[in-house]
Amino acid sequence: MKNLLLATALIAVSGAAQAQDVVRLGTEGAYPPFNFINDAGEVAGFEREFGDELCKRAELTCEWVTNDWDSIIPNLQSGNYDAILAGMSITEERDAVIDFTQNYFPPAASAYAAMSADVDLTGVVSAQVSTIQAAYVAESGATVLEFATPDESVAAVRNGEAVAVFADQDYLAAIVAESNGELMFVGEPVQLGGGIGVGLRESDTELKEKFNAAIQTMKDDGSLNAMIEKHFGAEATKF
Amino acid sequence: MFEACADPKSIEGLTWAMCYLTSGKHIEFYWSFVTVLLLLALTAPAALAMGFAGATAARSRFIPLSLLGKGYAAIVRGVPDIIFFLFFVIALDQGLEYLKSLAVCENHSWPWQGLEFRVCPEAKIPLGRSSAIWHQAYGFGLAVFTFALVFGAFAANVLYGAMNAVPRAQLETAEAYGMSHGQVFRRILVPQMWVYALPGLSNLWMILIKATPLLFLLGVRDIVYWARELGGMKTQAYEYPHPDWRLWYFLALLVFYLVFTKLSEIVLARISARLNHGQATAGGEALRKAAA
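Residue numbers (the numbering used here), protein chains in the order written: chain A, 1 to 239; chain B, 1 to 292.
For the record, the hints were derived by calculation from the structure and aren't laboratory data.
Each residue gets a CB set at the ideal place from its N, CA and C atoms; glycine is no exception.
One should not assume that every hint holds.
Have a look at the derived ranges for each label pair, beta carbon to beta carbon [stated by the list, open to error]:
| no. | chain 1 | residue 1 | chain 2 | residue 2 | range |
| --- | --- | --- | --- | --- | --- |
| 1 | A | D68 | B | L102 | 29 to 35 Å |
| 2 | A | T61 | B | G161 | 54 to 60 Å |
| 3 | A | E92 | B | T15 | 49 to 55 Å |
| 4 | B | I133 | A | D221 | 34 to 40 Å |
| 5 | A | G233 | B | L251 | 34 to 40 Å |
Put together the whole structure using the sequences plus the hints.
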């Protein structure tokens with residue numbers, strides 16, 4: 001009887017310890033190769049591999065959750081998950097409402113892709129809603145056409161709604177390469193944002209410290225660069 | 001799923017199509033049809049019950065209750081659905097977690113701090129460590145409640161109108177036989193009102209069928225979410241790369257919705273015929289003549 005009680009108490013304690021350690025990671029699941037839902041229905045891509053390694057080094061149990069891009073920040077604030085790993089660039093506007101770890105992906109280029117080389121980039125340009133690219137297009141003087149998912153912003157160019165799409169070059173690279181010459185990069189790439197970081201609630205300073213330390217170890221031993229090269233190719237910007 | 005599907009990039013033709021259509025993602029797509037049907041099966045009776053309660057309350061001679069019933073129908077019908085499905089659900093979720101935090105947390109500080117909502121981990125519904133299925137079930141439960149609340153308000157108005165449409169002479173006759181208020185309501189008013197309510201309720205049912213894509217706003221992956229996700233162009237990063245096939249997926253959904261609404265129409269027509277039976281309405285008269 002005493003043993004039974006002891007065992008129950010142990011289970012209760014381990015259960016409580018577990019409760020502290022489950023960190024829910026929110027992602028979009030529609031932004032290959034950063035994050036996407038693979039054909040088995042699971043979150044995959046660079047951020048999946050990075051996030052799993054991050055949790056391993058920070059000694060946390062993590063679980064993946066997908067959420068619409070549009071409401072990804074409000075749901076973090078509401079506590080439906082604890083961190084955002086969704087190719088989210090660190091910007092001043094976002095830093096005002098949530099916190100970021102140090103970047104785990106270096107500041108990268110954004111680029112225009114269009115159906116022909118001589119398009120007018122001050123015309124209608126599509127981008128995903130609430131992204132640094134959408135903000136940049138709006139400021140560039142072009143008419144910005146916003147879409148809920150990155151995939152739809154590319155489809156808008158193919159069906160003629162927009163003359164070009166403006167997005168992360170790393171996202172567009174595979175799409176342009178596999179379009180059989182239908183799509184091409186036009187204009188000069190633009191450097192935007194301060195790299196991609198893990199988005200956290202401003203009150204979660206403890207988690208931020210853990211993640212920052214873990215990211216630093218991955219930068220120091222070169223494993224982060226190896227991961228970037230694996231998913232984005234040898235020419236990708238590295239640390 | 002099948003052995004032949006182990007390396008999708010080396011197969012083609014029919015085998016490829018078979019493997020593609022049975023991928024884990026497609027299986028989830030097929031299950032999402034069950035989710036939608038389950039949502040409808042649970043929401044329709046719940047909304048009808050809310051509507052019935054609202055209409056009965058609105059007819060009450062006790063003024064506060066009557067105002068409550070009328071206020072429910074008026075306010076909920078006036079607020080756009082999208083606000084209900086974005087704002088109300090987050091507020092409901094946070095409200096439930098706040099109530100739970102009062103019971104289980106040691107620290108009772110006000111949870112709404114600036115833009116953030118903070119309760120202790122034990123007050124989360126479901127708990128952070130619960131498996132994904134519980135998070136899905138909770139989202140689904142919130143969806144059923146919200147749909148029932150919204151559609152219940154419309155149903156309340158339909159039923160309120162239907163109750164008033166029952167000829168006064170019917171009720172007077174019942175009263176003349178010495179029935180109490182409750183008896184008149186149960187035996188005469190309610191059985192006769194359905195025939196007047198049915199056209200309005202069948203409209204609501206059709207609208208409810210088409211409103212299910214709002215589920216995705218609540219984090220439940222429904223058929224429209226999967227059609228968009230599966231149909232989108234897939235690069236070599238995926239096992240089954242393909243161009244933009246959204247048109248085909250949405251055509252499949254179109255067929256599903258048309259077949260479903262057609263079946264609903266057939267069932268509703270039968271119910272209508274049954275309710276008209278022996279009624280002093282034009283529909284009832286037509287049935288009588290056809291039989292004679």
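Against the structure, the hints:
Taking the beta carbon of each, D68/A and L102/B are about 31 Å apart, inside 29 to 35 Å as hinted. Between T61/A and G161/B the beta carbons are some 55 Å apart, a value that agrees with the proposed interval 54 to 60 Å. Between E92/A and T15/B, the C-beta spacing of about 52 Å keeps the proposed range 49 to 55 Å intact. At roughly 37 Å, the beta-carbon separation of I133/B and D221/A lies within the given 34 to 40 Å, and the hint holds.
In this structure, G233/A and L251/B meet the distance hint of 34 to 40 Å, their C-beta atoms being roughly 36 Å apart.
The structure is consistent with each of the numbered hints, conforming to all of them.
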